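Take the sequences, apply the hints, and build the full model.
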Amino acid sequence: MDARLRSWLHGLEAWLARAKTTATDPEEVLEAPPDAIVAQLAQAMGALSPPSSYRETVRTRLAEAIDGWRSQRDAENSLVFLSSPVEPLEPILQASLTNWQHDMVTLVQPLPGCRRLDDPLALQAQLYNAFDPEKAVPSGQQDGEDDREGYPRDDTLSDRYTVIVVPALETFFLRCIQGWEGIEYLQNLVVQDRSRFWVFGCNHWGWAFLDRVCQISAYLEQVESLPKLSGEELQVWLGPLLLQFSEDDAPDQEKSVAAEEAADDAPEIGSHASWNALAGLAGGTASVAAQLWLSSLRVKAEEVAALTEDGALEAENLTVLKAGSQDLDERSLALHLSKPILPSLPSLTILDRYLLHSLLIHGFLSRQQLALSLGEAENQVRSRVQVLRRAGVIIQQGDWLAVHPTHYPKLRGELSNNNFLIGQE
Amino acid sequence: MAAIPFLEPPIPLTWLAQETNTGDALRSLIADITGPKIIRAAISVVLAFVFLEAIQSFTTWLSEKVPRRFRLVIKQAVPFLKGLVLLLVGSYLVRLFINLSDTDLLALTGTIAVALGFAFKDYVSSIIAGVVTLFEAPFRMGDRVQIGDHYGEVVDYGLRSMRLQTPDDNTVTIPHNTLWTDAISSANSGQLEAQVVTDFYFAHAVDPEMVMSILYQAAYSSRYTQLKLPVVVIMAEQAWATQFKLKAYPMDARDEFVYKTDLVRRAKQAFQRQQLPYPQIPPLEAMNGDGADS
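Chains as they are written, first to last, in this note's numbering: chain A, 163 to 587; chain B, 7 to 300.
In case anyone wonders, no lab produced these hints; they're calculated from the structure.
Just so you know, not all the hints are guaranteed correct.
[To be verified] Within a straight-line C-alpha distance of at most 20 Å, the following computed SDA-like cross-link-like pairs (lysine to any residue) qualify: (1) B:234 with A:200; (2) B:253 with A:581; (3) A:501 with A:263.
[As the list claims (entries may be wrong)] Okay, the calculated beta carbon distance ranges per label pair: (4) B:70 with A:467: 54 to 62 Å; (5) A:506 with B:128: 49 to 57 Å; (6) A:509 with B:214: 40 to 48 Å.
Keep in mind the model is a prediction, meaning the values are calculated, not measured.
Don't be surprised by glycine CBs; every beta carbon is placed ideally from N, CA and C.
Structural data, given as structure tokens:
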């Protein structure tokens with residue numbers, strides 16, 4: 163009921179917002195920024211650190227869990243962080259745990275930058291290689307029994323100082339026969355080896371799937387969802403972005419650091435109501451909010467025309483971006499935040515829904531993996547992927563396909579109403 | 007008592023008076039039939055037909071446009087909407103042409119009952135069965151049902167009969183009064199999901215744990231599977247093979263056959279990789295036991 167009601171409200175808001183964009187005063191006509199500006203902003207957004215509330219949640223919760231594990235013999239030795247499927251946890255965990263020190267524990271990441279392999283048996287072998295090389299036999303020759311010697315290990319509290327981080331648990335399964343044996347191996351390993359603390363990252367949808375097929379929550383009981391961001395938190399996170407486009411000649415990296423430190427002094431774009439609306443539409447998810455914010459930015463047509471004539475919008479010339487409330491000069495372009503609206507979903511076929519559901523539970527997939535998970539011929543999948551890419555529902559980065567964050571809120575409602583299993587956020 | 011003379015036997019005048027009273031009563035029962043009334047009646051019949059067709063077409067169109075979870079709810083409203091239209095138009099026509107008081111209605115009911123009992127027995131039986139079925143609900147619009155030899159989705163629910171669309175895209179019309187005597191098997195009873203049972207057969211020497219593991223994984227990995235509902239594998243011994251039944255639910259009962267195909271395809275690929283043995287049917291001579299002479 164909530165998903166349907168939210169969908170209607172979004173549609174009504176979108177219709178009202180479109181009706182209001184007809185300005186009565188020609189001088190106030192706002193339009194989307196030029197592509198070059200959008201590209202610059204998108205690049206800067208990609209370099210932003212994750213929101214501070216994400217990092218604080220990870221550090222605080224992890225510290226509590228590790229303290230419990232190091233002080234009580236029977237305490238849980240794992241912690242899972244869950245996020246939206248369009249909010250990759252790997253950069254969040256990396257940013258949270260870089261330079262983080264707690265009580266002499268050692269952080270180990272055996273599988274950095276790992277990507278899903280096409281062969282599900284190779285996924286399992288990859289895990290064996292990382293955690294138990296003696297068990298890493300060629301794929302196809304493994305049996306189902308885990309006859310590990312020496313497990314469970316007798317460990318003492320003083321031996322507990324190693325923390326293993328696996329930032330993307332969904333990387334190690336594929337929805338096909340024998341596709342989640344790697345997950346079953348990991349969950350057994352966590353239970354048997356209590357001398358190490360395990361930190362996992364996963365998305366809600368993948369977690370719901372794994373819970374159904376291998377009851378993962380029975381093995382990894384400590385679960386923490388990333389908090390939902392408020393309008394104010396989003397404003398603090400995204401607002402300083404403009405400081406990177408100041409007239410200061412400092413290198414970009416220094417500017418971004420300065421921007422973070424000067425968050426309280428950042429120029430304000432848009433009202434509190436706009437930011438709260440943004441947070442509401444995005445469901446408190448940072449990646450969705452960031453893309454919606456980008457699509458909601460507006461500039462005055464006459465200012466763009468003036469800067470275009472001067473050549474200030476060329477790539478080699480630095481364009482100074484400012485908030486609409488700031489003082490402008492001849493080289494600056496004022497940014498305004500219009501009321502954010504969610505883009506409409508295109509008309510989806512039955513195969514499209516299955517395809518998008520598969521992408522959401524896996525986070526990202528290659529075309530071959532997508533076809534394997536759907537049990538469909540690759541050329542059938544390729545044609546639908548092309549259609550959805552053109553519609554902007556799917557994005558492609560290299561060989562990897564994922565759902566575009568701005569379409570996620572409506573897609574969630576659409577799939578829920580069509581009887582799909584969705585993650586509980 | 008007065009009587010008409012020269013008649014044998016004499017007919018009492020009171021009897022003739024009764025005849026005259028009955029005729030007057032019938033004439034008073036039927037209202038004046040005028041030209042405008044006939045036109046109004048014709049228009050109302052035409053409108054009723056148009057409304058009935060519109061309800062059927064609109065609900066069929068709408069049910070395919072909305073998300074799955076609302077499809078059956080919309081379809082299940084069709085018989086009630088049609089019944090409402092028929093009731094309103096029927097009432098209007100009766101009021102238009104018949105002056106009914108309480109005593110008239112009572113007398114008329116008795117007369118109609120006798121007439122219909124002989125002439126329209128089956129038709130009325132179907133109508134009554136249809137009304138009873140609406141309230142008992144052994145099945146609903148959109149259900150996949152088995153009635154006698156016919157299996158399919160209930161796509162229409164009329165006054166006298168219902169229509170099934172079979173998996174071969176045939177339309178079967180079944181009178182409602184069939185339901186008085188025939189058993190009705192509904193696969194989903196108003197729900198979107200209906201259990202699908204897929205049979206597999208292997209040689210007796212097969213590793214049952216391996217087969218069951220593959221079948222569970224085939225169900226969980228199929229894109230059609232409703233993961234919120236349980237998946238069960240059961241096993242039985244036959245004389246010539248070991249039988250495995252995979253019981254799972256697709257998200258939409260309409261995908262019953264493509265779902266089964268997907269399960270069989272995935273499972274067979276895994277069976278081939280593991281080289282699991284299929285049952286061998288022995289030659290007829292060996293089964294008979296006496297050799298070629300018998």
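* **Indices of hints not satisfied (ascending)** => 1, 3 and 4
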